[in-house]
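Enquirer: Chains X and G are the protein sequences, given in the same order.
All the letters of the first sequence, read from the start, carry residue numbers 1 to 269 under the working numbering.
All the letters of the second sequence, read from the start, carry residue numbers 270 to 625 under the working numbering.
No lab work stands behind these hints, which were simulated from the structure alone.
We treat Cβ as the ideally placed atom computed from N, Cα and C, and that holds for glycine.
Among the clues, some could well be false.
[Claimed, not checked] Computed beta-carbon distance windows for the label pairs:
1. G/385 / X/54: 31 to 41 Å
2. X/20 / G/441: 51 to 61 Å
3. G/457 / X/68: 49 to 59 Å
4. X/141 / G/518: 43 to 53 Å
5. X/141 / G/574: 49 to 59 Å
6. X/20 / G/397: 50 to 60 Å
[Said to hold, decoys possible] Here are the simulated DMTMM-like cross-link-like pairs (lysine to aspartate or glutamate), alpha carbons at most 25 Å apart as the crow flies:
7. X/245 / G/325
8. X/58 / G/442
9. X/58 / G/606
10. X/245 / G/301
11. X/245 / G/411
12. X/186 / G/444
13. X/245 / G/322
14. X/245 / G/415
15. X/245 / G/442
16. G/609 / X/73
17. X/245 / X/20
18. G/609 / X/59
19. X/186 / G/328
20. X/245 / G/278
21. X/186 / G/606
22. G/609 / X/23
23. G/609 / X/229
[Stated by the list, open to error] Residues of chain G placed beyond 12 Å of chain X at every Cβ, according to the derived structure:
24. 307
25. 363
26. 405
27. 524
28. 563
29. 593
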Amino acid sequence: MKKFGIIVMFAGLLFYGCEEVIEIDLNSVNPMVVAEGNLMKDSVAQLNLSYTRDYFHKEDPVYITDATVILSDENGITDQLIHVANGFYRGSHLKGQVRTDYTLTIGLEEGEYSGETRLLPEPDFFSITWAPSIFQRPAHAGGSSDTVYNVTLTIQDDTTEVNHYLLNFYTPSSEPRGFYLAIDDKYPLPGNLLQFTTFMFEFYRGDTVGITVQSIDEGAYWFFNQMNDVIGVGPSGFSTPYNPKSNLGEDVLGYFMARSRKDTIVFLR
Amino acid sequence: FNIEIVLPEKRAIESAAYISNESVFTPWLSAEYGVRFSLFNQIGEGTHYEYNDLNERIDSIKYEKGEIMTKYWNLEPRVSANIRLSRNTSLKASYNRMAQYLHLLSNSTSGQPTDTWVPSTTSIEPVLVDQLSFGFYRNFLDNQIEFSLESYYKKINNIIDYEDGAEVMFNQDVEASILAGEGRSYGLEFYLKKKYGKLNGWISYTLSNTENKIEGINFGHWYPSSYDKTHDLAIVANYEFTNRLSLSATWIYYTGNAVTFPSGKYNYNGLPIAYYTERNGYRMPDYHRLDLNLHLDGNKNRKVQSSWDLSAYNAYNRYNAYVITFRQSETIPGETEAVKLALFGIVPSLTWNIKF
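With the rest of the complex left out, here is chain G:
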């Protein structure tokens, strides 16, 4: 006997047109500006439901196939200015407005990470983002070295998240379990690149903060977005031993995702119950790994060329946390323990490539 749960399909068409222009006002001042017009139609066949405070369906409107259920349009202006301070130095400032019609819902529990994408509907308005950014750019040593430092600030409207107690699996009425509010994100991005030479590569680092404020979640206070990453660092290095043999290394590090862990516990009716405080008030362990790749080219003068790659993904075999669950201790009665599950450690591979 099988029980079938069918989540309703949602169909939509998104269209856009844009116009932009670049103007060079003086040798040191140029600007790019334009506007994008986006149009989003949710189309049937489908049913729109109205819900009461208990998330129960109280009314519905049915739509035929191809019938427009709801429509949104937005103008998305964008402008950027480039000020050249010297041959190697420039400043940049920009403003963008963006409309996003697909929303990502993430469950903040660490027990089972699940992401759901939902389109804008009659109940879910598009996300609107206003972004300001400023940047400083400088090249060194005859453009061998590129350096940039950028800052940004985003204001986000109609960001959505699950309400407390929302069912996150097989929820046929997910729209009833969503609340909308505002978000903000700001940060500083550092970038340094060496373009030429036996040793080349780049370093990028971002320091940022992304948070939401939604009435009904976290007592209406600001809380970290699930994908907020305070630190995000990438170091990429390539070294050419010869014109056939090279080694590349990539080291990635970022702050763990924001998650909701229990802060205490109690018993009710003899059963253990976890007690929660703030939404996304904790962090998964930081993520970092090193990838190595040794590349060997065959004879490049042949018609059929081959090469080999010997790689090690996660070369130092770090078990980055995929999920963290909680359970009664297996060794100490009455105690609770946190268990980290990692998917895999080092993944070596050998690749043979042929080009003809």
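Extracted from the complex, chain X is given alone in its bound form:
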């Protein structure tokens, strides 16, 4: 016995999706401490302290203004960061020195949190070049009709340290990047050179391209990589949701890091 059937479906209705803004009740949670601590070479330490806030509603940040914040170096020299305004703390005399380890201690009513970092030497630029991009999309495929240029930065790696770098390439009209560019020194080119080319950015002839490279320690490097997974107001879908690991402990969000920085500008003529 044979059977067959003909199904007529109203296909237009089948694929009609629907997007709708909905209300979600979130669990009540205790606010977490958020710490953004930085120690730049030749500068005093700075720290922003606040609490996490409600996810959906626009709220002014809840600043922490009564913390006891102490920066100390490996030689035992200390500096107390004083609250200036809106959860912003600043040191007075202990400035970042390269090849030095630092510890930041934050004392709050909830507890004491401590994080360590190492300030590494500023990067040594070996060369900066630019050339037409090999990945330019043709104009008929939606690409620009102007020639797209990529900038290649080459850094002379310091082999006495394990180095990591945070890069930024921008023009005066660039929108803030929604991600961090961090590289390590695991696979240098001959001559201990580290090279990076801006394949993901588009620059054009006549652009003034600013380049900032910051030396960071390994912990900060992994922190920025993790931040790339979570930047934004919701799950990215490309990784399981999580909080980037802080060097200030499990009960703190954010990071304390020491950095040295080098800036330059190139004109694409």
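With chain X held as given, fit chain G onto it using these hints.
Expert: Relative to the frame of chain X, chain G by itself:
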């Protein structure tokens, strides 16, 4: 210019043999018992990698085509006993051990549901499940009505899940991003069926809890499995108007999947960042829909018989959530909103069947 990401193929052969027997000890006591032997071989060609704490490859072993990369075997005993209390009433108890060599990895984010199946490997041991169940069965009205109430408890070993921060898309080293632990599942199943009459059908309802405990996830505490469904209800009804015309209706309801939503937010370096607390601490909206089908038979005495079905899938046009994403509000600056995406509402169809 194309960038090709090739996920490594994994090959395996699973074999099994079983032996079972049924014994009737007395008119009111019978038992079925047996054992299943399963064997799983992961075979090459392939490469096994070792990883460090940063999930970077530090060592590798290459296998030729057909070479056995890893082998697992398990004995899976099973026994069930049936106690007949009367002509219409019985009790049942059973124990099963099961080995599962294929694992389902689910991303707990609601933004993009992705499931990946991975076989057992040198790094991923088979899931072992021990299950106990007890049931009460009763028929009424000359076996027109069937009723059962069953409870079960499962203990699960080597359950796996993604670690925090694992890449879930195009991950060539997914084994480095997996953690293993234990799981448990328990529940109560209710079933009532009317077998005969113009109106017939059944109701089934399950109340259950399924959770995992894996060191390194959710602070090592128990958390709901992605597919945990607290309530699962199905009602099926058929009504025969005539011997040619009938209407069937199915209503399904179940608790939404467990997912991980943000619990708060903060700014870092001027960028908004979501803050997460427990893994799978939230639920998608509950799912429910009604399916209707009107069936009309043609002349059954003909050599070529035909019938028509007019159906409505999701008859009351409910937009069940497929994914929930989050975005900056388009109307209120600084606020965040949750957006539900549903795939489709009502799907009507008309089917013509021919039998010859």
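Enquirer: Hints broken by the structure, by number, lowest first?
Expert: 2, 6, 8, 10, 11, 14, 16, 17, 20, 21 and 29
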